[in-house]
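A.B. asks: As you go down the protein sequences, you meet chains A and B in turn.
Counting from 1 along the first sequence, just add 17 to a position and that's the residue number in the working numbering.
Counting from 1 along the second sequence, just add 8 to a position and that's the residue number in the working numbering.
No wet-lab data here; the hints were simulated from the structure.
Just so you know, not all the hints are guaranteed correct.
Stretch-level coverage of chain A by chain B, calculated; a stretch enters the list once three of its residues show a Cβ under 8 Å from a Cβ in chain B [unchecked claim]:
1. 184-190
2. 224-231
Computed from the model, here is a short list of chain A residues facing chain B with C-beta under 8 Å [claimed, not checked]:
3. A153
4. L160
5. N166
6. G221
7. V434
One side only, chain B facing chain A, incomplete, derived with CB under 10 Å [claimed, not checked]:
8. L44
9. H72
10. A183
The model shown is predicted, which means the values in this text are computed figures rather than measured ones.
Every residue gets a Cβ at the ideal spot worked out from N, C-alpha and C, and that includes glycine.
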Amino acid sequence: MPLLTLILLVPLVVGLMCLLVRQPRVMEWLNVLAFAVALGLGIRLLPQVLGQGVVTEWKEFLYADALSVWMVLLISVVSLGSSLYAGRYFRRDLAAGVVTASRVKEFFVLTPLFATGMFLVVLANNLGVMWFALEATALSSVLLVALYNRRTSLEAAWKYVILGSLGLALALFGTVFTYAAAIGQSGHEKLPSFNWSHFMVVAGQLDQRLIKLAFVFVLVGYGTKAGLAPMHTWLPDAHSEAPSPTSAMLSGVSLKIALYALLRFHILTTQCLATSFSGTLLLCFGLFSMFLAAPFILVQTNLKRLLAYSSLEHVGLICAGIGMNTPLTIFGALLHMGYHALTKPVLFFATGNIHQTFHSLEMRVIGSGVVKALPVTVLLMGLAAVAAIGLPPFGLFYSELMVLSGGFAAGNTVISVLVLVALVAAFCGILKQLTRVLLGTPKVARTSDATAWDGVPAMALLLGGLLVFSVWLPAPVLRLLHQAAGIIGGKP
Amino acid sequence: MTMTPPTHEVGSQLITLCAAIMLVLQLLLVVQRMLLTNIRLFALQSFMLAAIATIVAYYYSATHVYWVAVLTLIGKVVFLPRLLTRLVRRINIIEEIEPLINAPTSMLICGGLTLLGYIVARPFTTLDKLGNNTLAIAITLLLTGFFLMINRRKAISQVLALLTVENGVMLAAVALTTYGMPLVVELGIFFDVMVAVMVLGILVYRIRESFSSMDTSKLTQLRG
Numbered sequence: 018m019p020l021l022t023l024i025l026l027v028p029l030v031v032g033l034m035c036l037l038v039r040q041p042r043v044m045e046w047l048n049v050l051a052f053a054v055a056l057g058l059g060i061r062l063l064p065q066v067l068g069q070g071v072v073t074e075w076k077e078f079l080y081a082d083a084l085s086v087w088m089v090l091l092i093s094v095v096s097l098g099s100s101l102y103a104g105r106y107f108r109r110d111l112a113a114g115v116v117t118a119s120r121v122k123e124f125f126v127l128t129p130l131f132a133t134g135m136f137l138v139v140l141a142n143n144l145g146v147m148w149f150a151l152e153a154t155a156l157s158s159v160l161l162v163a164l165y166n167r168r169t170s171l172e173a174a175w176k177y178v179i180l181g182s183l184g185l186a187l188a189l190f191g192t193v194f195t196y197a198a199a200i201g202q203s204g205h206e207k208l209p210s211f212n213w214s215h216f217m218v219v220a221g222q223l224d225q226r227l228i229k230l231a232f233v234f235v236l237v238g239y240g241t242k243a244g245l246a247p248m249h250t251w252l253p254d255a256h257s258e259a260p261s262p263t264s265a266m267l268s269g270v271s272l273k274i275a276l277y278a279l280l281r282f283h284i285l286t287t288q289c290l291a292t293s294f295s296g297t298l299l300l301c302f303g304l305f306s307m308f309l310a311a312p313f314i315l316v317q318t319n320l321k322r323l324l325a326y327s328s329l330e331h332v333g334l335i336c337a338g339i340g341m342n343t344p345l346t347i348f349g350a351l352l353h354m355g356y357h358a359l360t361k362p363v364l365f366f367a368t369g370n371i372h373q374t375f376h377s378l379e380m381r382v383i384g385s386g387v388v389k390a391l392p393v394t395v396l397l398m399g400l401a402a403v404a405a406i407g408l409p410p411f412g413l414f415y416s417e418l419m420v421l422s423g424g425f426a427a428g429n430t431v432i433s434v435l436v437l438v439a440l441v442a443a444f445c446g447i448l449k450q451l452t453r454v455l456l457g458t459p460k461v462a463r464t465s466d467a468t469a470w471d472g473v474p475a476m477a478l479l480l481g482g483l484l485v486f487s488v489w490l491p492a493p494v495l496r497l498l499h500q501a502a503g504i505i506g507g508k509p
Numbered sequence: 009m010t011m012t013p014p015t016h017e018v019g020s021q022l023i024t025l026c027a028a029i030m031l032v033l034q035l036l037l038v039v040q041r042m043l044l045t046n047i048r049l050f051a052l053q054s055f056m057l058a059a060i061a062t063i064v065a066y067y068y069s070a071t072h073v074y075w076v077a078v079l080t081l082i083g084k085v086v087f088l089p090r091l092l093t094r095l096v097r098r099i100n101i102i103e104e105i106e107p108l109i110n111a112p113t114s115m116l117i118c119g120g121l122t123l124l125g126y127i128v129a130r131p132f133t134t135l136d137k138l139g140n141n142t143l144a145i146a147i148t149l150l151l152t153g154f155f156l157m158i159n160r161r162k163a164i165s166q167v168l169a170l171l172t173v174e175n176g177v178m179l180a181a182v183a184l185t186t187y188g189m190p191l192v193v194e195l196g197i198f199f200d201v202m203v204a205v206m207v208l209g210i211l212v213y214r215i216r217e218s219f220s221s222m223d224t225s226k227l228t229q230l231r232g
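Looking at chain B on its own, in the form it has when it is part of the complex (with noise of 0.2 Å):
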């Protein structure tokens, strides 16, 4: 590439350390069973992915990702685990009951997960992109998202699995694009990412209330 500038290798082994602890942080939301800690994981690897869009902006000076950046902050780090916490306590579920799988064999799935997003982005991964562990990694969180989605029974945790693989597709847009999607689509993804999330917490409040009205214990009829 023509413009690439001498502080190059910083940004890039920048933007894979964040990536890299988007990766653990991942891993933690699938072994943890809190659900409040589990918002909290995720509004935290949704900072992470800020913190990437601010460094692409900054280290390729596209100014517009810095909007990217700013909205995650808004909606992703701040806006939606609010929401997701206030449903929690209002609905009074604090723990997860026990996921399918137990946690030593999860984590060995993940493990598992991990190594095929990486055979899957090889053929893809150049060195001449910036980051180039980010698509990989985009691709895990996209599998782990999925395992995350069939292990958990409350709805809220499909809601937040949903969200990380999300994240997992923001990620892939900065890795493989470099300079992520046009403005309009990331502003529409951004909105209807907001707006998915308020339909599902109006259907987990009626789920729980048309629920727990007759008996609670058919909560978990609800799979899926």
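So here's chain A without its partners, still in its complex pose (with noise of 0.2 Å):
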């Protein structure tokens, strides 16, 4: 069965039967459908990948390997959650008249769009169509981004599409670096295959200095993408003024698909220089993100804004781990995306149900005690929250105890503290903001409503994974990241 084939075809498919269908109901479900299949394709392909190393299609065309297995399962399982959680959500916005149907509609279409995007990055093998796989999912999500029409929501979008198309610019001229690399280099081909399986082979005869050069470009594009700071100005705009599904799919994979391009290119230039000089600007650019994410966190005072601030902090931690570059701290970093992937959702979705319910996100409006007003929300965001911060028995503490541990045992023992407090000014800052608003005493007395199991099928859905593969990660799951740490770090 052409798996990769399908796992493109199938969102796409979905999005543009979107377009026919009236009724919001069907196309709810066939969100939702369209997710679990893709899910279930990604685990058929696990077993696949782990066998065989490399599945490739359409004469290489697509190419899979367990760093891009790992990636599938992540875009489904949040894009899965997200779809489930959307039909309840836009059904209340519609009664409550704060959109109408045909931005409904263009919800359902644009999301499988966006997500036929992620996964044709990170399963595309020509460098040059994974940019412009990551320029499209940009740009299907911008709409979404702007779905509410309210100014500041235009304004956000617009930052976004702006500062992103900037990057991608800069991503693009990284890439025809690359490719350029190549020229004149292996066999004096007129034009050279841009497979990035083809590159990994003739790495060591690219031009070295225009890697290099290429690497900065993509790094500071790629990185605009993937929020890394100082070019994270658009992040906490776009995710506090998205509707909260597509809020989850941008902080729970998006920033993640964006790294994901940005790690290839790490590992081509890695293998061509064999030096650590896009580890050296990895592990840089990652610790100035988390730096720049604790205090603007303890200031905070929207939800959503705060919870963007955080996915900066995580995906700090993210590149940190990967630019440490030993086996533990990757295999972390890799833990941790998943496990990340597994938690800001169901934040996001928290979050989407108090808005609907306060009809605001600024803290000081929504005042405290919410855990009155909603008790289940409250109840799996709460838990959802602890496992944020790093604390057991969730499993984002085990993979910061993993990317910490690496980076002590490996001797980068500055490094290490600094990640470290910049850990705990995220765990206090977020500790502190969000038990203030949760709980406590209401300013008011109110009563929870008939909406009080809003969205639980779908935060049900990833707390309950992230719960089951904290304390159990199963054998094929753990031999994937293995193989998937073992491609970042240079080892086959």
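Two chains, each in its own frame: build the complex with the hints.
C.D. replies: Laid out in structure tokens, this is it:
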């Protein structure tokens, strides 16, 4: 069965089908179905990749190794959760008159296309195709950010699309430089293949100066899309103005997809130069992002922006872990990607419920004691928040511990201490902010209403997954992660 | 290189000439404030890019680069300028209000950026590849495009700035690789640019609609 082709086709076809469908219910279930099927296909792909190392289709146009499969799983899980949540969310918005039916349709058409773009990023072998797939994700998500058509959401969308496009233009420059590095080096072909797998084979013969220059361009370019500081300024705006299901996808996977693209170039650069040039740069940007996020978390007044800055901090940690370039830190960073993808959407879904009940995201307006009004939501949100700040028994604790202990073991004491300081700062910030809002006594008496169970299936699915995988990681997944870490670490 | 045709010299000079014209047009874009003229300048710049692609395709008998020329001609010389012109007419802004930095200073800054472009490109410029000034001009287009983006407040001018950056990338692709990128990548980039401008157009229209319904002066709030 052509698994890779199917993974791309299923969401694409569903997205186009939703164009023809009228009823929101049907669109909703088509979306859920598409991502459930994609998840199933991803799971089917897993043993194949474990067995063969690499699965290719269409004369190596599509290429999946352990790293791609890991990303495929993350994309489909988060999209599934997001589409499960979206139905109830938009029905409530429609009833409140916040959105029109055509906008809701826009959501159900664009979300599968957004996901298709992400799948193509991780499954494309050609680095140029990877670029345009990433641009496609940016373009499909920008209209999702602007969905509410408020002034602020238009401003956020504009910032997102302009900064994103500029970043991607830089990344395209880097991609062109990378291609140029192979010209005249590999057997004097007129048009050498631009496949990543081909470049890894000829990495030793590439023009080193061009590869170096290319990586700097790609780092700034894809780094913008991944939300690395100081190119992150679009991130809190877009995350806070988008509808909650979209925020969950942006934060849960979209950032990591850009990071994935960056990683491919990091692996290539390291292979070509045989130095830690790209790793050190990743480490610097990662640490800077973590340190920039912490103070913004402490002083934040908007609930969703708080979560966005927390994502910035997590992306920074992942970058720092990969930048330290030891087997344990890379493994920890990859694991962290997965746990974060299961945690952050839950927080965004819960925030969506709070937003719809209190009609504001400003913590001053929401006041305190949300737990009295939305007990179930707050319970789940509290659990996810405990996970997000890195407390046991949740997985993020273990992955953070791996990055830290790997760093200490490799003798990167200063860096590891810095990471620890940033983590503790973010820990205190989120704990302080969220306890004030969620717990305590409300100023006015509020009774819980009929919408108390809204979004619970989606949240329970992701949170349940997080809990299970925190204590028990299935053997194939563990092997997949080891393989993926091996690809990044340069060992087969 | 083994396959140097006798006319290589002429081709190389023609390409340098076209690239220089692209740079001049970019500088004109920086000082020109009429939106419609800006769009025409961009169309002309894209035309020069298509010309460069044609020259490359001809002198190096690289047939697939003809496709790049045709796509540029259809997309960036005809379709996008038309789309943008229609948008400008529809939302009725003819002239850019005061750019942040005045024209003489902008010119000076762009002169500095051009110098910077040449310095950055210097180590990568080899004489055996065609048009050895082309990479420097490509990087200059990128830098001045960024400057244009910062200097302008109107959404449409920012879209134009983005498109000139994109022209710079395509120029770099031709300059550095001689034959451009594989066709599948070129096609992908082409469609992405088209869709990007359409999406930006939708946003510009919505911004205009939503802000004018309340207060048109608020339009300038939405910068960068």
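A.B. asks: Now tell me if each hint is right for this structure.
C.D. replies: Taking the hints in turn, this is what the structure says about them:
1. 184-190: holds (count 4)
2. 224-231: With 3 residues in contact (Cβ-Cβ under 8 Å with chain B), the coverage given for the stretch 224-231 of chain A holds.
3. A153: holds (7 Å)
4. L160: Since chain B brings a Cβ to about 7 Å from L160(A), closer than 8 Å, the hint holds.
5. N166: At about 6 Å, which falls below the 8 Å cut-off, the nearest Cβ of chain B leaves the hint on N166(A) intact, so it holds.
6. G221: With a minimum Cβ separation of about 20 Å from chain B (threshold 8 Å), the hint on G221(A) is violated.
7. V434: Cβ of V434(A) sits 36 Å from chain B, so the hint is violated.
8. L44: violated (22 Å)
9. H72: Constraint on H72(B) satisfied, holds at 8 Å.
10. A183: Check passed: Cβ of A183(B) comes within 9 Å of chain A, closer than 10 Å.
The structure fails hints 6, 7, 8 (numbered hints given earlier, in ascending order).
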